[in-house]
Amino acid sequence: MTAIVDYGVGNLFSLSSSLAAIGEEAAVTRDAGEIAAAQRVILPGVGAFADARRKLSESGLEGAVLSAAESGKPLLGICLGMQLLFERSYEYGEHAGLGLLRGVVAPLAGRIPAELPIPHMGWNALSIVRPGGILKYVSQGECVYFVHSYAAWGCEDSLCATAEYGAPVTAAVQRGNIYGCQFHPEKSSRAGLAILRAFCELGGGPC
Amino acid sequence: MITKRIIPCLGVRDGRVVKGVNFEGLRDVSDPARLAAHYSGQGADELVFYDITASAEGRRLFADALREVARTIFIPLTVGGGISSLEDFDRVLKCGADKVSVNTGAIRDPSLVREAARRYGDQCVVLSADVKRVDGRFRVFARGGRDDTGLEAVAWIKKCVSLGAGEVVVNSIDTDGVKGGFDLPMLEAVCSAVDVPVVASGGAGCAGDFVELFRGVPRVSAGLAASIFHFGEVEIPALKAELREKGINVRS
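Those sequence lines, one after another, are chains A and F.
Residues in the first sequence are numbered consecutively from 1, following my numbering.
Residues in the second sequence are numbered consecutively from 208, following my numbering.
Wrong hints could be hidden among the right ones.
Claimed, not checked - If the Cβ cut is set under 10 Å, some of the chain A residues that face chain F in the computed set are:
no.	residue
1	S59
2	L116
3	N124
4	I128
5	V147
6	K187
7	G192
As the list claims (entries may be wrong) - Pair ranges (Cβ atoms, derived):
no.	chain 1	residue 1	chain 2	residue 2	range
8	A	G99	F	R326	49 to 55 Å
9	A	E70	F	G415	27 to 33 Å
10	A	G93	F	E442	33 to 39 Å
11	A	E34	F	E440	47 to 53 Å
12	F	G415	A	R54	48 to 54 Å
13	F	K386	A	G93	46 to 52 Å
As the list claims (entries may be wrong) - Take a look, some chain F residues computed to stay more than 10 Å from chain A by CB distance:
no.	residue
14	S237
15	T260
16	A277
17	R278
18	P283
19	L293
20	L391
21	P444
22	I455
No lab work stands behind these hints: they were computed from the structure.
Backbone N, C-alpha and C fix where the C-beta goes; we use that ideal spot for every residue, glycine too.
Using the sequences plus the hints, can you model the full thing?
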């Protein structure tokens, strides 16, 4: 069973539907016990970093996410959920992240050519630098759906894939049992479902 | 590099897909979930649903149709039509929409854009503008293209982007339904004024019109059309093959 952490950020309808579509039992949950009992945990998120960070701690679920990470079970952060895994974000000020991955979150603006639209919105090709893991069913150059204005930088030690948007933008990361993708697998059609399937096949800790 | 998006647009009335030509003469086309599955299978990059009913019963049927689409189709879904409050945003987001487009609702109360962006994030708020030339100037029209608001289009769009709209759909009333190609001068004017993605709408008649769109206005992120897809005049796989052949990057 996969727990989708519901801490009041964003719309989890598509994510739970996409897990159902690949035959994975999933629970959208605010219950720390259920997160502890799950084999895998997904940390979703859209919106602003500071707001999401505050809601995660106010929901009382930050501890459950950190325990899941520590227990060795697979943890997947999606979009802003991935950004929360890093050390710090510079979105409207400076905010501490969960510190599960090395690197910082900072704006695309100033790091990509000025003529490119922001947000980075649409389907972009994955350039896979470390195959396997959640990318094991995805081919080099396959497109996935992105929508973000901030990105993770300085995360070379966990980098699995980038997408070219005037600069190589962090697309997927992994260190140990901690996984992240900047794009939305639940909105990325076949490629996205293949990524979720690979994640749901990861063994994980004791049930 | 990021791909150019091809977006079929589905107008929905009482839970069924329709398409107006110049916003009049609606025709019943198909079941939303079936049409959505068809387009997704063909390689559509995103779908837009406009609810053109206003009745409570029509809204309920629309919500049911949208939920069914979102349960089975895993590409981005944008919903518009009759969005005039945060409650309206909430209503369609709960049914599985990823982005919500505002048009007349934003004209009535521009703070809706700011409030929605604050609550749901900029990426969720799409400004849709129906634009028509009046005395040689681009003007914004409201209520499905019926009312001249007197607003200058580029200034209006810039204002909404500064309030938090994360994407803009520019629908040219002058070219809509004519099938003579997209309104390149209008799109160029908007693209050079804002830094968010711009979606072109109104005027597509054949695959070549999309080639001219992306060549003529390289800054445009996506092309949107309805009837040419619904009636099979342009098939998305053939359209993408032609774009690719002309050196335009699209998702396979």
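Evaluated hints:
1. Checking A/S59 against chain F by beta carbon gives a least distance of about 17 Å; that is not within 10 Å, so the hint is violated.
2. Because the smallest distance between the Cβ of A/L116 and any Cβ of chain F comes to about 8 Å, under 10 Å, the interface hint for this residue holds.
3. The beta carbon of A/N124 comes within 5 Å of a beta carbon in chain F, closer than 10 Å, and the hint placing it at the interface holds.
4. For the restraint placing A/I128 at the interface with chain F, the shortest Cβ-Cβ distance is roughly 16 Å, beyond the 10 Å limit, so the hint is violated.
5. Checking A/V147 against chain F by beta carbon gives a least distance of about 5 Å; that is within 10 Å, so the hint holds.
6. For A/K187, the interface hint holds, the least distance from its beta-carbon to any beta-carbon of chain F being 5 Å, beneath 10 Å.
7. Taken as an interface hint, A/G192 checks out: its beta carbon lies about 6 Å from the nearest beta carbon of chain F, inside 10 Å.
8. One distance hint, 49 to 55 Å for the beta-carbon pair A/G99 and F/R326, is violated here, with the actual separation near 28 Å.
9. A beta carbon spacing of about 58 Å between A/E70 and F/G415 contradicts the range 27 to 33 Å that was offered as a hint.
10. Checking the proposed 33 to 39 Å range against A/G93 and F/E442 shows it is violated: the Cβ atoms sit about 49 Å from each other.
11. Between A/E34 and F/E440 the beta carbon distance is about 50 Å. The supplied range of 47 to 53 Å therefore holds.
12. Between F/G415 and A/R54, the C-beta spacing of about 51 Å keeps the proposed range 48 to 54 Å intact.
13. The supplied range of 46 to 52 Å is met by F/K386 and A/G93, whose beta-carbon atoms lie about 50 Å from each other.
14. Distance to chain A confirms F/S237 as a non-interface residue, since its nearest Cβ pair spans about 21 Å, more than 10 Å.
15. With a least CB separation of 22 Å from chain A, F/T260 remains clear of the 10 Å interface cut-off, as annotated.
16. With a least beta-carbon separation of about 6 Å from chain A, F/A277 fails to lie farther than 10 Å from that chain, contradicting its non-interface assignment.
17. Non-interface status of F/R278 relative to chain A is broken: a Cβ of that chain comes within 10 Å, the nearest being about 5 Å off.
18. Not every Cβ of chain A is farther than 10 Å from the Cβ of F/P283; the closest lies at roughly 5 Å, contradicting the non-interface assignment.
19. With a least beta-carbon separation of about 14 Å from chain A, F/L293 lies farther than 10 Å from that chain, consistent with its non-interface assignment.
20. Every CB of chain A is more than 10 Å from the CB of F/L391 (nearest about 18 Å), matching its label as outside the interface.
21. Chain A leaves F/P444 outside its interface by the beta-carbon criterion, the shortest separation being 14 Å against a cut-off of 10 Å.
22. The Cβ of F/I455 sits about 13 Å from the closest Cβ of chain A, beyond the 10 Å cut-off, so the non-interface label holds.
Consistency note: the structure conflicts with the earlier hints numbered 1, 4, 8, 9, 10, 16, 17, 18.
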